[in-house]
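J.: Sequence order for the protein chains is A and B. Take the first sequence: its position 104, counted from the start at 1, is 104 in the UniProt record's numbering, and no numbers get skipped. Take the second sequence: its position 7, counted from the start at 1, is 7 in the UniProt record's numbering, and no numbers get skipped.
Worth flagging that the hints you see were computed from the coordinates, not collected in a lab. From the three backbone atoms N, C-alpha and C, an ideal C-beta is built for every residue, glycine too. One thing to keep in mind: the hints can contain errors.
Unchecked claim - Just so you have them, the derived chain B footprint on chain A, three or more residues with Cβ under 8 Å: (1) 147 to 156; (2) 159 to 169; (3) 174 to 188.
Said to hold, decoys possible - Partial selection, computed: residues in chain B whose CB lies under 8 Å from chain A: (4) R94; (5) R111; (6) S114.
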Amino acid sequence: MRTWTALGILVLLLLWSSIGTGLAQAPLYDLGNTARFIAEHWFPPDFGHWRIALAAMVDTLQIALCSTLVALAIALPASFVAARNTGLPRWLYDGTRLVFNLFRAVPELVLALVFIPTLGLGPLPAVLALIIHNIGVFGKMIAELIEAADDGPQEAVKALGGTRLLVAAYGILPQILPLVLSQYFYRLETAIRTTLILGVVGAGGLGQLLYNDFKQFMYQKVTFEVLLIMVLVTAVDYAGAAVRKRVK
Amino acid sequence: MLELIGLNKRYKGEAEAALDGVHLRVQTGEFVAVLGRSGAGKSTLIRCVNRLVEPDAGRVLWQGRDLTAMSAAELRRARMRIGMVFQHYHLLPRLSVLTNALAGRFGAMPRWRSLPGWYTASERALAAAALREVGLEALGRRRVEELSGGQKQRVAIARVLVQQPELLLGDEPISSLDSVTAARIMRHIASLHRERGMTVLLNLHDVAVARAHASRIIGLAGGRIVYDGSPEALDETALARIYADEAAPDLPIHRRDRG
Ligand SMILES: Nc1ncnc2c1ncn2[C@@H]1O[C@H](COP(=O)(O)OP(=O)(O)OP(=O)(O)O)[C@@H](O)[C@H]1O
Ligand SMILES: [Mg+2]
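Build the full structure now, drawing on both the sequences and the hints.
T.: Written out as structure tokens, the structure reads:
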């Protein structure tokens, strides 16, 4: 009985939201027309500007890579302060947690808009926005890994007369490293997609190129750029898998 | 000399005390085994000595100094001279056997060398000798995750050899091992006692092992010392006091079984 009620509620929610968004009415549109339009105007892809597009792809990768690396470098030490089991004062823990939460709460796009008036267009506002947001994401995630870490090695380092720093470096870090790495690659992939979106507000890279071409109805160029996005994300995915395999 | 004076410990949220007024004086050079059923407070007792567990009340005097009154820095210096082996080995994960042995120097090294792991030639020689002593010289580069339980505990012994403490604590160091491996580890511990002159204070759950190695046995029940004497004097009545509740109906019975 409970199952049926739950299912009923779920169906109602689906109906309500799909009517609201127009998905329910979609069959009324001429979808065949859309397919024909895509086939005629978006294909074949236009590879003519491949130099520019490849350079833009590299820019995108650099923005994502730089900002996630900086964010990780800041969040990793900070997250030890935000973990309850490292024995630092309570107010420090609470304060760091709060900062992480605030950083995480604001989407990158909003942060980038905040920086654009003073920093102008270009990659810098995007990089700063990505750094801030990702400090929040990494910080919270790593702090939780630290709290869940096995006590044993930490006790061993303490019992040997090791400092807090040694406990962190030898008792905790090796345990969480593989998980931190796999999260890093996941965040890198996300950062690439975010960088593409930030291209719309002038961050440069493949996103901006794509948006400009789209506005000028150069759909065949856009098709090539979408293919490049797929290549980039897939390549990062493979790189991540390769690194994860080595760090176990 | 190690002296525990009126140690009390009750964990947060627990109704009963894990340690209830424990007095114990251990002379330098003694080999003391602590016996008791699960939940008797054995681990708590051992861990209070080097303050891995903070006692609520009481003092721990060691070499004439009060460990419980020490600052963090003083405590680190004292811990440097107190070794410890654990039931679950507590090796440093994802690191090599050699690195784990070298960690024995952690307390004695200057910080700028211990953090990046820069060891001197003499420290390396010490670690190599320790690994040779426990028969692991061929496995120095192996990751500790790839070892058997007995091999892991031998790495922990090597760590103690590198640390060269005056006092060795042990929280059931052989409880996860089969009897043949356990005997081998006990021989290593006995040699730390005899040849290196370490004072030893160990929890054991095997009465026969305690009898075979210890010069003195402490029986713990409900957080109190109910036996303190030689292995020879540990008779049926004494064992009943330590292990059986019928013989001591006034002692709290512990139901929880913790590691
Ligand atoms: N971290 C903890 N938090 C709460 N209670 C604890 C904790 N550690 C131990 N206790 C409780 O304190 C009492 C003594 O525990 P302790 O671990 O010292 O016993 P033990 O003699 O070592 O037992 P075992 O033989 O099972 O290892 C038990 O009642 C146990 O439940
Ligand atoms: Mg125990």
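J.: State for each hint whether it applies.
T.: Hint check results:
1. 147 to 156: The restraint on the stretch 147 to 156 of chain A holds, since 5 of its residues have a Cβ under 8 Å from chain B and three suffice.
2. 159 to 169: With 8 residues closer than 8 Å to chain B, the stretch 159 to 169 of chain A meets the three-residue bar; holds.
3. 174 to 188: Coverage by chain B holds for the stretch 174 to 188 of chain A (3 residues, Cβ < 8 Å).
4. R94: Constraint on R94 (chain B) satisfied, holds at 4 Å.
5. R111: 6 Å, holds
6. S114: 6 Å, holds
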